[in-house]
Amino acid sequence: MATKEENVARLQELAVQLGREADISGTAAEISQRVDEWEEEVGGMPDGEHAETTADTSQDEPGAAKSNLHLSEFALIRAVRTLHIHALAADSDRVLDTVQAGDSARIPAIYVDELAGDGLIVAL
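Quick note on full-length UniProt numbering: the sequence shown kicks off at 1 and runs consecutively.
Just the calculated beta-carbon pair ranges, DEER-fashion:
hint, residue 1, residue 2, range
1, Thr98, Lys4, 14 to 24 Å
2, Ala9, Leu124, 36 to 46 Å
3, Ser104, Glu5, 33 to 43 Å
4, Ser92, Thr27, 26 to 36 Å
5, Gly119, Gly19, 16 to 26 Å
6, Met1, Glu73, 41 to 51 Å
7, Glu30, Ala101, 13 to 23 Å
8, Ile110, Glu37, 17 to 27 Å
The hints are simulated quantities; they were obtained by calculation from the structure and are not laboratory data.
Yeah, the Cβ is synthetic: ideal placement off N, Cα and C, and Gly gets one too.
Work the whole structure out from these sequences, hints included.
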């Protein structure tokens, strides 16, 4: 079993691969679960698909995630499982970092086939 510090380091590595900001707050168990979830997401991606954000856009800039989201077309989906993905609310342009199981959202169309094939979403 990894220590909290090892899990924090791993979470930061996964954040780079997924193009996200790592939330390193919480208990050791919470961080361990976050690592497990993110490793599962990374494991489901084909090689070369990691980190869809552009290299010259800083995640610390206000609106950086939202501007990246608007670069592609979106599809309306319903999550079968909770997704840790940058998405837009189904009824507004509010940026979401997670989509809870059973909720609807809009995600980049390029992900729909893969996520539906993995049984994680239903396209609406």
